[in-house]
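Work out the full structure, taking the sequences as your base and the hints as a guide.
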Amino acid sequence: MRKLTLNSIIILTLTTFLAAIASPVKVKITDIKSKSKDPADQYIEGELKKDSKFFIDRDYLIVAIPEGFEGMQTIMSANDDKKQKGTDFLSFTVDKDVDVYVALDSRADEEKGGTPPTWLVEGFEKQVKDGEPVAVETTDGGMVTVNLWKSSFKAGTITLGGNGEGSAGAGSNYFVILTGQSAGASVDAKSKLSTTWANIKSN
Numbered sequence: 001m002r003k004l005t006l007n008s009i010i011i012l013t014l015t016t017f018l019a020a021i022a023s024p025v026k027v028k029i030t031d032i033k034s035k036s037k038d039p040a041d042q043y044i045e046g047e048l049k050k051d052s053k054f055f056i057d058r059d060y061l062i063v064a065i066p067e068g069f070e071g072m073q074t075i076m077s078a079n080d081d082k083k084q085k086g087t088d089f090l091s092f093t094v095d096k097d098v099d100v101y102v103a104l105d106s107r108a109d110e111e112k113g114g115t116p117p118t119w120l121v122e123g124f125e126k127q128v129k130d131g132e133p134v135a136v137e138t139t140d141g142g143m144v145t146v147n148l149w150k151s152s153f154k155a156g157t158i159t160l161g162g163n164g165e166g167s168a169g170a171g172s173n174y175f176v177i178l179t180g181q182s183a184g185a186s187v188d189a190k191s192k193l194s195t196t197w198a199n200i201k202s203n
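If you read the sequence shown in our numbering, its first letter stands for residue 1, the second for the next number, and so on.
The set of hints was computed from the structure by calculation and includes no laboratory data.
C-beta atoms are modelled at their ideal positions from N, C-alpha and C, and glycine is treated no differently.
Watch out, some of these pointers could steer you wrong.
[Unchecked claim] Quick list of simulated restraints, FRET-style, between CB atoms: (1) K35 to S151: 15 to 23 angstroms; (2) K83 to K33: 15 to 23 angstroms; (3) K28 to G113: 35 to 43 angstroms; (4) K150 to K49: 17 to 25 angstroms; (5) P39 to E137: 30 to 38 angstroms; (6) E111 to D38: 30 to 38 angstroms; (7) D95 to V144: 20 to 28 angstroms; (8) K28 to E110: 31 to 39 angstroms.
[Said to hold, decoys possible] For lysine-lysine, the following DSS-like pairs were computed, each having C-alpha atoms within a straight-line distance of at most 25 angstroms: (9) K150 to K26; (10) K85 to K26; (11) K85 to K37; (12) K28 to K96; (13) K83 to K126; (14) K126 to K96; (15) K129 to K112.
As structure tokens, this is what we get:
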């Protein structure tokens with residue numbers, strides 16, 4: 001009976017530990033500002049989940065999400081801003097170190113004859129897994145998927161360029177996906193795991 005109880009505790013502990021590491025780390029996002037084509041368009045925070053919107057001015061939905069990205073925070077953009085230029089188009093402030101993913105219209109990729117924005121190529125890395133772009137599938141019939149480009153930032157104000165800055169092929173605007181860097185969460189999870197193991201051994 002003790003063995004069964006011990007095994008149950010071990011399984012529960014490991015499950016909790018792995019979930020803590022895999023879960024997105026929430027950050028506080030403030031001061032979202034854009035040089036939008038329409039001054040009335042206010043970019044807002046959202047969440048990356050199935051059937052969620054990613055534009056504030058369109059009803060397109062998320063269809064499929066890469067493993068590990070479910071539940072990450074987003075900054076919803078205006079699709080009408082797809083041709084906006086400049087290197088300081090969008091800015092926002094975060095209270096933790098973050099990994100930022102720019103979800104770019106896949107038609108802007110070189111493989112499809114497009115050209116990604118200059119600032120994106122210079123400051124971000126396109127995410128690839130098993131030779132294929134890491135992508136989010138949408139109901140936007142034009143682009144269908146957005147490919148993810150990643151960069152890491154310290155806590156503070158982050159500035160991104162416009163979708164049309166030095167680019168070609170993107171018929172839709174990008175939106176932003178972000179998560180707090182997981183080092184702190186992993187350390188906390190490991191600490192809890194160590195404590196649980198200590199309690200098991202003492203019994």
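Notebook entry, point to check: Which numbered hints are broken by the structure, listed smallest first?
Noted result: When the structure is compared with the hints, numbers 7, 10 turn out to be violated.
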